[in-house]
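Protein chains in written order, with our numbering: chain A, 1 to 186; chain B, 1001 to 1186; chain C, 2001 to 2186.
These aren't lab readings, by the way, just hints derived from the structure by calculation.
Where hints are given, some of them may not hold.
[Unchecked claim] A short list of chain C residues far from chain B (calculated; beta carbon distances all over 10 Å):
id, residue
1, Val2037
2, Phe2038
3, Trp2063
4, Asn2073
5, Asp2088
6, Asn2089
7, His2092
8, Thr2142
9, Val2178
[As the list claims (entries may be wrong)] The following label-pair restraints were derived from C-beta to C-beta distances:
id, chain 1, residue 1, chain 2, residue 2, range
10, B, Trp1063, A, Cys33, 23 to 31 Å
11, B, Lys1141, C, His2030, 37 to 45 Å
12, C, Pro2095, B, Trp1063, 41 to 49 Å
13, B, Ser1050, A, Ser123, 46 to 54 Å
14, A, Glu125, B, Ser1050, 43 to 51 Å
15, C, Asp2166, B, Cys1033, 49 to 57 Å
16, C, His2030, B, Ile1068, 45 to 53 Å
17, B, Cys1033, C, Val2037, 48 to 56 Å
18, A, Asn65, C, Asn2122, 36 to 44 Å
19, B, Pro1095, C, Asn2122, 29 to 37 Å
20, B, Leu1087, C, Met2164, 43 to 51 Å
21, A, Thr67, B, Ser1050, 18 to 26 Å
22, C, Gly2047, A, Pro95, 33 to 41 Å
23, A, Ser123, B, Asn1089, 49 to 57 Å
Note that the Cβ used here is the ideal one computed from N, Cα and C, for glycine as well.
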Amino acid sequence: MEAKTLVLALFLLLLLSQSSAFPSRKPRVHKPCKRLVFYFHDVIYNGRNSKNATAAIVGAPAWGNRTILANQNHFGDLVVFDDPITLDNNLHSAPVGRAQGIYVYDKKEIFTAWLGFSFVFNSTEHKGSINFAGADPLMNKTRDVSVIGGTGDFFMARGIATLMTDAFEGEVYFRLRVDIRLYECW
Amino acid sequence: MEAKTLVLALFLLLLLSQSSAFPSRKPRVHKPCKRLVFYFHDVIYNGRNSKNATAAIVGAPAWGNRTILANQNHFGDLVVFDDPITLDNNLHSAPVGRAQGIYVYDKKEIFTAWLGFSFVFNSTEHKGSINFAGADPLMNKTRDVSVIGGTGDFFMARGIATLMTDAFEGEVYFRLRVDIRLYECW
Amino acid sequence: MEAKTLVLALFLLLLLSQSSAFPSRKPRVHKPCKRLVFYFHDVIYNGRNSKNATAAIVGAPAWGNRTILANQNHFGDLVVFDDPITLDNNLHSAPVGRAQGIYVYDKKEIFTAWLGFSFVFNSTEHKGSINFAGADPLMNKTRDVSVIGGTGDFFMARGIATLMTDAFEGEVYFRLRVDIRLYECW
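Kindly generate the complete structure, drawing on both the sequences and the hints.
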């Protein structure tokens, strides 16, 4: 009977050792350790909106210029931005942070972009930054970029951000919904 | 004898706990969890190849322009690209994806570049993207950049990509072989 | 008494299993596995310092140019750099590597920047590269960017780099102190 107890105890211990007390490095079920949803608003300088513009074309192909987005789906236009981040889809809501960085339109046949940027927070809610990079095939309803790092409250974060174009007004304004799922939280 | 059995059982359990059932966070032998080899092809716009060009100079130093690569080893030229990815070294093979992003020539004395880009796949073979960043001292036979993230089939990937210039034709075409070794697979 | 021994043994084993032999994935105390401090020196081309310049404006907003940093806190200026890295704060010390990549000034109301760059080493001390990305609100005494990857000696590194402006001379020279703390070392 003692031996039976021993076997049972060891069996239970083994079971336990596979459970959450000993997390495996590659969880099969990918449950985010943190999830955040934001909106950000991009108003591109077009020669007439100097005051409201949050973004400007700073690079363009030889056939383009820095005031009007180039033809061929803006291929080659490089934009620098400092966009307000809001909790809802209203441009005039109180910003909770800034989305800062660059994007380039990078395909002649269709709208696609490549993004390198950060979310910068300095509020009571969040302090720190989340860094992103990735391709944005922006005609798709949703598309994923990588969370490549974070600082402050988001120290060492990694994950996926799902972008969705929430609004698009001509060539002067767009609003992205960003659904951030972190899978590495420290 | 019962005590001996207990000691033996615990010893075996301890051994087991050090083995693959409980992977250590820092493997001493760095074996990739995934390996992929691709080629991509960059045809730079030079004022006469508008139709075939897959890349264009969109930023240049004060002494340069956006049609001809600048002197001093192209220092300061910033290029946006949307290059076909192929499985072999033939430009005319069926593309399996697109390499999209930017590179900048960043040294006056010798050719070097800095890259931020993505491989974007949407085929039966691969769906998703791999994101890269890093320095490319392109006169070296091989050089390593970082895989900083991935999406879709490459969810949360990290690793190293070894670049090799496979062909170089004047200032209009180059082909890179990219040997991707992922060390974090989810 | 045998049962008591069993309980004690299992209790000890459980204790052991929580200790360093089985590292948890999310250490509560974040101790770097590697720490490095460097300085790098940026001399921006201004039309008169062609020989000494290590950086050049290659993108600018419509209202700017590539020789003089734009007004509105240089918003939209995109700079390519190849800056010497030194161990101390002396520009004329022997460089131990190069800081290469891009930065963009990205806010109209105050100086802030976004950085994508690499430290490239090829000495007896260090061989390999460290890749960085992040926001640099450069009026803050210190600010953190992400170490998003590494190669060679810094294979697969991740961590945080704390930037501090160590000197600033008009619009032609600045020196950053970079305190690199890696939290993932392979």
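Right, here's what the structure says about each hint:
1. Residue placement check: C:Val2037 keeps its beta carbon more than 10 Å from all beta carbons of chain B (closest about 20 Å).
2. Remark: the non-interface label on C:Phe2038 is consistent with the geometry, its nearest Cβ contact in chain B lying 15 Å away (cut-off 10 Å).
3. The beta carbon of C:Trp2063 sits about 16 Å from the closest Cβ of chain B, which is more than 10 Å, so the claim that it is off the interface holds.
4. At roughly 20 Å from the closest C-beta of chain B, the C-beta of C:Asn2073 stays outside 10 Å, upholding its exclusion from the interface.
5. Every beta carbon of chain B lies more than 10 Å from that of C:Asp2088, the smallest distance being close to 23 Å; the non-interface claim holds.
6. Residue placement check: C:Asn2089 keeps its beta carbon more than 10 Å from all beta carbons of chain B (closest about 23 Å).
7. Chain B leaves C:His2092 outside its interface by the beta-carbon criterion, the shortest separation being 18 Å against a cut-off of 10 Å.
8. Here C:Thr2142 stays apart from chain B, with its beta-carbon at least about 23 Å from theirs, past the 10 Å limit.
9. At roughly 16 Å from the closest C-beta of chain B, the C-beta of C:Val2178 stays outside 10 Å, upholding its exclusion from the interface.
10. The beta-carbon spacing between B:Trp1063 and A:Cys33, approximately 49 Å, falls outside the hinted interval of 23 to 31 Å.
11. A hinted range of 37 to 45 Å for the beta carbons of B:Lys1141 and C:His2030 is consistent with their spacing of about 38 Å.
12. Range check, C:Pro2095 to B:Trp1063: about 24 Å between beta-carbon atoms, so the 41 to 49 Å window is missed.
13. For the pair B:Ser1050 and A:Ser123, the supplied restraint of 46 to 54 Å holds, since their beta-carbon distance comes to about 48 Å.
14. For A:Glu125 paired with B:Ser1050, a C-beta distance near 49 Å keeps the hint of 43 to 51 Å intact.
15. Judged by the Cβ atoms, the range 49 to 57 Å given for C:Asp2166 and B:Cys1033 is violated: they are separated by roughly 41 Å.
16. The hinted window of 45 to 53 Å between C:His2030 and B:Ile1068 holds, with their beta carbons roughly 49 Å apart.
17. Checked against the hint of 48 to 56 Å, the C-beta distance between B:Cys1033 and C:Val2037 comes to roughly 33 Å, which is inconsistent with it.
18. For the hinted restraint 36 to 44 Å between A:Asn65 and C:Asn2122, the CB-CB distance of approximately 40 Å keeps it satisfied.
19. At about 35 Å, the beta-carbon gap between B:Pro1095 and C:Asn2122 stays in the expected band of 29 to 37 Å.
20. One distance hint, 43 to 51 Å for the beta-carbon pair B:Leu1087 and C:Met2164, holds here, with the actual separation near 47 Å.
21. Against the hinted window of 18 to 26 Å, the Cβ-Cβ separation of A:Thr67 and B:Ser1050 comes to about 22 Å, which satisfies the hint.
22. For C:Gly2047 and A:Pro95, the Cβ-Cβ distance of about 37 Å falls inside the hinted range of 33 to 41 Å, so the restraint holds.
23. A:Ser123 and B:Asn1089 have their C-beta atoms about 52 Å apart, which keeps the hinted 49 to 57 Å range intact.
The structure fails to meet hints 10, 12, 15 and 17 from the earlier list, while all remaining hints are met.
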